[in-house]
Amino acid sequence: MVTCEGCIADCQHCFILHPNRSLTWRQNVWVFGFFCLVTLAIALPLAVMGFWLVLPFAGLELLAVGTGLYLVTCRCHEREVICIAADSIRIERGRLRPQQRWVLSRTWARVELQDCPRHWYPSRLLIRAHNRTVEIGRFLAEEERHQLARELKARLSGAPVV
Amino acid sequence: MSTASPALDHDHDHEHHGPARGLKRWLLTTNHKDIGTLYLLFSLAMFFVGGAMALVIRAELFQPGMQIVDPHFFNQMTTMHALIMVFGAVMPAFVGLANWLIPMMIGAPDMALPRMNNWSFWILPFAFTLLLSTLFIPGGGPAGGWTLYPPLVLQTGQAFPFVILAIHMMGVSSIMGAINVIATILNMRAPGMTLMKMPLFVWTWLITAFLLIAVMPVLAGAVTMLLTDKYFGTSFFNAAGGGDPVLFQHIFWFFGHPEVYIMILPAFGIISHIIPTFARKPLFGYASMVYATASIAFLSFIVWAHHMFTVGMPLAGILFFMYATMLIAVPTGVKVFNWVATMWRGSMTFETPMLFAIAFVILFTIGGFSGLMLSIAPADFQYHDTYFVVAHFHYVLVPGSVFSLMAAAYYWLPKWTGHMYNETLGKVHFWLSVIGVNILFFPQHFLGLAGMPRRIPDYALQFTQFNMISTVGAFIFGLSQLLFLYIVIQTIRGGAKATDQVWDGAKGLEWTLSSPPPYHTFTTAPEVK
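The listed protein sequences correspond, in order, to chains A and B. Per numbering that gives the first Met the number 0, the very first residue in the first sequence carries number 0; after that it's consecutive. Per numbering that gives the first Met the number 0, the very first residue in the second sequence carries number 0; after that it's consecutive.
Don't read these hints as lab results, they were simulated from the structure. Hints should not be assumed to be uniformly reliable.
What the hints assert, rightly or not - Below, a sample of chain B positions facing chain A; criterion: calculated Cβ distance under 7 Å:
1) Ala111
2) Ile174
3) Ile178
4) Leu185
5) Ile212
6) Ala213
7) Pro216
8) Val217
9) Ala219
10) Gly220
11) Thr223
12) Met224
13) His393
14) His519
Being a predicted model, the structure only gives us computed values, none of them experimental. Just so you know, even glycine gets a beta-carbon here, dropped at the ideal spot from N, CA and C.
Same shape as in the complex, but just chain A (with noise of 0.2 Å):
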């Protein structure tokens, strides 16, 4: 998903993205708690009546559990933040706070959409400016990264989004 947003700090142009999540992270949370309340509401009482062996299983599996809704739901907060400020395109990345930041020259920088050249795969969104190249969107469905990308060369370009 896309939030197009004005002027932030000395960014002209702002485009927030982020891939869509059906959950939050609290929920994710609840959800958690709810497999680890059943999953030792039966592994706890089995362990008293003398089959402990269950219990390290059950650990295991919650971990597991627990990990794989983490990582998901990491993967669902993430953001990409592209700033075009006057001289400048600045990108971050991350999820409470920006992990990766690359700044490439507006000059020189240029928005590429590559096909993949085999068939059924989706395209990439490219910036690059020199010799350096940022891949942006690849969580977006395909229309919205073509979308992007016209809005993005409309933008360096001064022309208006067609």
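Using the hints, position chain B against chain A.
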């Protein structure tokens, strides 16, 4: 915060991001459609392996006396047939359908954890190679039944640790599949797709995945305790050491009964898609279907001891499990009522998926009724461990789960392959299957009522006729599945072009995609109505 180096950035430029070709594509794939296909093909292969074992069993039982195999091998066949059909055919087939359909139904581009999805599939071929290889180990494979009751199962020879390891591997695969399904359904639904707008197949799979997460550690713990009892001197189930073999039955069935629902709930979801399509009416009582599925899942945790009424329980325990089991008929009845109400005054047509769906409703209900008979504790003392039980659970699993899988294959095959299957051959396959399955399993009710025990390679003369009929049905049903294989291969290789909609009454996001759908789905954000 890090600033990526220019050189590192530049590597993106040369990154190879297309699908690999040939064998590598299938080995390394993280695409939900590829993995779904792998699961479905694997389960089809296992269906034939397990089916061949069933034919060995039925051939031996064609007439009294020992004809073809020795009793020990017969017992290995009954055990392996069950393990393969449960863990190798039915469960992976539903996981395959989940892989193919859930992302397309909820408007997600793929499963939430694609790499784990790849692992969860590729564990299976190793697990089943290990399990099947035990047939060639000195002492043979497991022969104590799929329920692995001690002390009988502890008499397994050198194969025992391999069997336990194979079961652990199947469990790991199932858990990883379940985590993926839950993470995908909860986190990756398209905007607007609230929980109560989800297709019923997605709902039933969400509940199934929850059941898997809840009970798999119990199975893992139980089989590991068998292992430690045999090799490490523990006495969990050894009465001489202070343990109790009956407690194994309790924990096995605490896993085993939800497992039964793991194999039928996704089938309910499939049927809830097919009947409205061919009745050209919306599903009657969507919300009640969701609540009924959740109720069945809840009840599955509190009925396990109906599998072991004869083992000796306090009267209060017997009564509790008897009444709790009977309660399951209520949500199941809601479902059957809703399917029938959906068909009522619908503009019905009878293409192959609909034929299988109608057969499912009728024959699964027969299996449900015999289950209700078995839930009556005093009657169960008569039926327990007889062929009546065999007839009951096969009616639930074959015209139930397996027919729903076949219905699903015919229903979605045009979407997957882009080709229509041969309708005439599909109908021939249906009629051979439905006739074969009834000739195979219906007489087993009478055998059980007359007292023929299950899991025996030889029997008294008075059971001969019904056994002969049953064996004839087995070969009709078994051989007719070769026709199914032919139809599937024929459809994959070509045929009339399928439209995107395929069935005019079909509803759902998957039908908005092309046939076959693109490798990566939803190039435009789906619109949920």
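Outcome of the hint check:
1. With a cut of 7 Å, the hint placing Ala111 of chain B at the interface with chain A holds, because the nearest CB-to-CB distance is about 4 Å.
2. Hint on Ile174 of chain B holds. Least Cβ distance to chain A is approximately 6 Å, under the 7 Å limit.
3. The closest approach between the C-beta of Ile178 of chain B and any C-beta of chain A is roughly 4 Å, which is under the 7 Å cut-off, so the hint is satisfied.
4. For Leu185 of chain B, the suggested interface contact is upheld, since its CB lies about 5 Å from the closest CB of chain A, less than 7 Å.
5. At about 6 Å, the closest approach between the beta carbon of Ile212 of chain B and any beta carbon in chain A falls short of 7 Å, and the interface hint on this residue holds.
6. For Ala213 of chain B, the suggested interface contact is upheld, since its CB lies about 5 Å from the closest CB of chain A, less than 7 Å.
7. Evaluation of the Pro216 of chain B hint against chain A yields a held restraint, the C-beta minimum of about 4 Å falling below 7 Å.
8. The beta carbon of Val217 of chain B is positioned within 7 Å of a beta carbon in chain A (closest approach about 6 Å), and the interface hint is therefore held.
9. A hinted interface residue such as Ala219 of chain B counts as satisfied when its beta carbon comes closer than 7 Å to some beta carbon of chain A; here the least separation is about 4 Å, so the hint holds.
10. Below 7 Å, beta-carbon pairs count as interface contacts, and Gly220 of chain B has one with chain A at about 3 Å; its hint therefore holds.
11. Hint on Thr223 of chain B holds. Least Cβ distance to chain A is approximately 5 Å, under the 7 Å limit.
12. This hint holds: Met224 of chain B has a C-beta 5 Å from the nearest C-beta of chain A, less than the 7 Å allowed.
13. Interface restraint check: His393 of chain B against chain A, minimum CB-CB distance 29 Å, threshold 7 Å, status violated.
14. This hint holds: His519 of chain B has a C-beta 5 Å from the nearest C-beta of chain A, less than the 7 Å allowed.
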